[in-house]
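Protein sequences appear in the order of chains A and B. Okay, so the first sequence: first residue is 1 according to my numbering, each after it adds one. Okay, so the second sequence: first residue is 1 according to my numbering, each after it adds one.
There could be a bad hint or two in this list.
Covered by chain A, per the in silico footprint, the following chain B stretches (three or more residues, Cβ under 8 angstroms) [as the list claims (entries may be wrong)]:
| # | stretch |
| --- | --- |
| 1 | 45 to 55 |
| 2 | 84 to 92 |
| 3 | 98 to 109 |
Hint data in this document are derived by calculation from the structure and do not stem from the laboratory. Remember, predicted model here, so these are calculated numbers, not experimental data. Using N, Cα and C, we set each Cβ at its ideal position, and we do this for glycine too.
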Amino acid sequence: MYDPTVARLTYRALLGRRRALVLGALPLLLIVISVAVRLLTGADDQVAADVLGGFALATMVPIIGVIAGTGAIGPEIDDGSVVYLLSKPLKRPTIIFTKLIVAVAVTMVFSALPTLIAGLILNGNGQQVAVAYTVAALVASIAYSALFLLLGTVSRHAVVFGLVYALVWEALFGSLVSGARTLSVQQWSLAVAHKVVGSNLITSDVGLPAATALLIVVTVAATWYAGQRLRALTLAGEE
Amino acid sequence: MSTLSIDHVSRWFGNVVAVNDITMTIGPGVTGLLGPNGAGKSTLINMMGGFLAPSTGTVTLDGQPVWRNETVYRHIGIVPEREAMYDFLTGREFVVANAELHGLGAKAAQRALATVEMEYAQDRKISTYSKGMRQRVKMASALVHDPSLLLLDEPFNGMDPRQRLQLMELLRAMGDEGRTVLFSSHILEEVEQLARHIEVVVAGRHAASGDFRKIRRLMTDRPHRYLVRSSDDRALAAALIADPSTAGIEVDAVEGGLVVQAVDFGRFTTLLPKVASDQGIRLLTVSPSDESLESVFSYLVAA
Chain A
1 MYDPTVARLT
11 YRALLGRRRA
21 LVLGALPLLL
31 IVISVAVRLL
41 TGADDQVAAD
51 VLGGFALATM
61 VPIIGVIAGT
71 GAIGPEIDDG
81 SVVYLLSKPL
91 KRPTIIFTKL
101 IVAVAVTMVF
111 SALPTLIAGL
121 ILNGNGQQVA
131 VAYTVAALVA
141 SIAYSALFLL
151 LGTVSRHAVV
161 FGLVYALVWE
171 ALFGSLVSGA
181 RTLSVQQWSL
191 AVAHKVVGSN
201 LITSDVGLPA
211 ATALLIVVTV
221 AATWYAGQRL
231 RALTLAGEE
Chain B
1 MSTLSIDHVS
11 RWFGNVVAVN
21 DITMTIGPGV
31 TGLLGPNGAG
41 KSTLINMMGG
51 FLAPSTGTVT
61 LDGQPVWRNE
71 TVYRHIGIVP
81 EREAMYDFLT
91 GREFVVANAE
101 LHGLGAKAAQ
111 RALATVEMEY
121 AQDRKISTYS
131 KGMRQRVKMA
141 SALVHDPSLL
151 LLDEPFNGMD
161 PRQRLQLMEL
171 LRAMGDEGRT
181 VLFSSHILEE
191 VEQLARHIEV
201 VVAGRHAASG
211 DFRKIRRLMT
221 DRPHRYLVRS
231 SDDRALAAAL
241 IADPSTAGIE
251 VDAVEGGLVV
261 QAVDFGRFTT
271 LLPKVASDQG
281 IRLLTVSPSD
291 ESLESVFSYL
301 VAA
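Let's have the full structure, built from the sequences with the hints guiding it.
And the structure:
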């Protein structure tokens, strides 16, 4: 199911110089904000939760997920170089699964790790806020990667659609329409964070059982469908 | 030894028919897939390579279906037309990766790089390669698993004459080894130089198949032009025009001979030596003046 060569090619493509800069910019911003907030307000659990919930989980994680998830396959399909993977005696779902693993790993490193560091800077993990948001970021990394990887196999404009989902649906719609909040990776991962922190410092609109089920269903379904998409992928000629 | 069979294959995109009921068999040796731009060559090659499902019909390699069957890639090497190829890797890294994806190692990659004579630049990034170097590294990636079928989509596009010659030699050698080599091109000279066997596709249809000289001869309703030089051109001209197999004769001062238009190829080829011998005229040159692929092609397109 996992091919080390496909993984190596995907890592090299994802962590190429320009993309790595983009991937590194948001985590750096989060750390800078955290240092500034800590210096200005001191250690405060509520402030820490607000920064991590409002910026790290709501904005940074989905954007990193979009870049890593769509970037793991979209550009290859776009420029046609995916033909070098497809013309091998290699099961298409293996290609997808490997790319998912890489996208998840990259998203985790560039979003969950900075979240932990930022949490430690903000309030030294008081009330488990840093750990709770880190766990949420880890969980969200998996679901976002699967969703955006699928998007990369479906659309040439995967990055745009991904950002629209991440920013408009999750952030804007989510705050206006309560139904939208139920169908939001962010809310599902918040349910997990709520469980870790064990208090109402972090809340979610979705219960933990439903959130867990939805996270698993979305991840598995998106990965399966991406594999099907790749099996049926046709390379249009130049004509 | 591999045989690729295309059996009543059609492919349409919406209302546009790109490939229309084509049946052909590609056997060992070099075959040229010829047609003007937009004729459906790439669509056909994509179906041969298993990257596009035929709307109807089947494509099989030695009896095995090509579409949705990853195992056939053990026997197929593909050189795509598109340029993109993991530019951030070096040539060697790229070919090694391709070898690994076939379950092979660095040794197979090195052998393939040697075959295309790219060892000297193998440690440079692909992004720094010229068009011809890219094409050769693509070839190496396609040859790494020693395939019995090689598919090349417009392989000579953008190559300089020296690179073109080099690649032609390589493909010729592959064909002589008993591999099935199919390349597409819209440039007649390329096909003429490399492949005796051609498959012609025009407007999505299979227009002709076989030795291109034979194809030319089969089209008897088209006049054949010959340049004939002899010891007495005018006497020969007078004798030839008396026969219905000849439609017109022109004395060509520039070429220093006769340009004869023959309408009945078979009859003309037996008539000419007979007439010359009867008249006591020595034939110095008899050469078909339009038997280039270009003329075959324009006839087919016009037909």
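query = Against chain A, does the stretch 45 to 55 of chain B show at least 3 residues with beta-carbon separation below 8 angstroms?
reply = With 7 residues close enough to chain A, the hint holds.
ask   = Count the residues of the stretch 98 to 109 of chain B with a beta-carbon closer than 8 angstroms to any beta-carbon of chain A: does the count reach three?
value = holds (count 5)
request  = State whether the coverage of the stretch 84 to 92 of chain B by chain A holds or is violated, taking the criterion as 3 or more residues with Cβ-Cβ distances under 8 angstroms.
outcome  = holds (count 5)
Checked against the numbered hints above, the structure breaks none of them.
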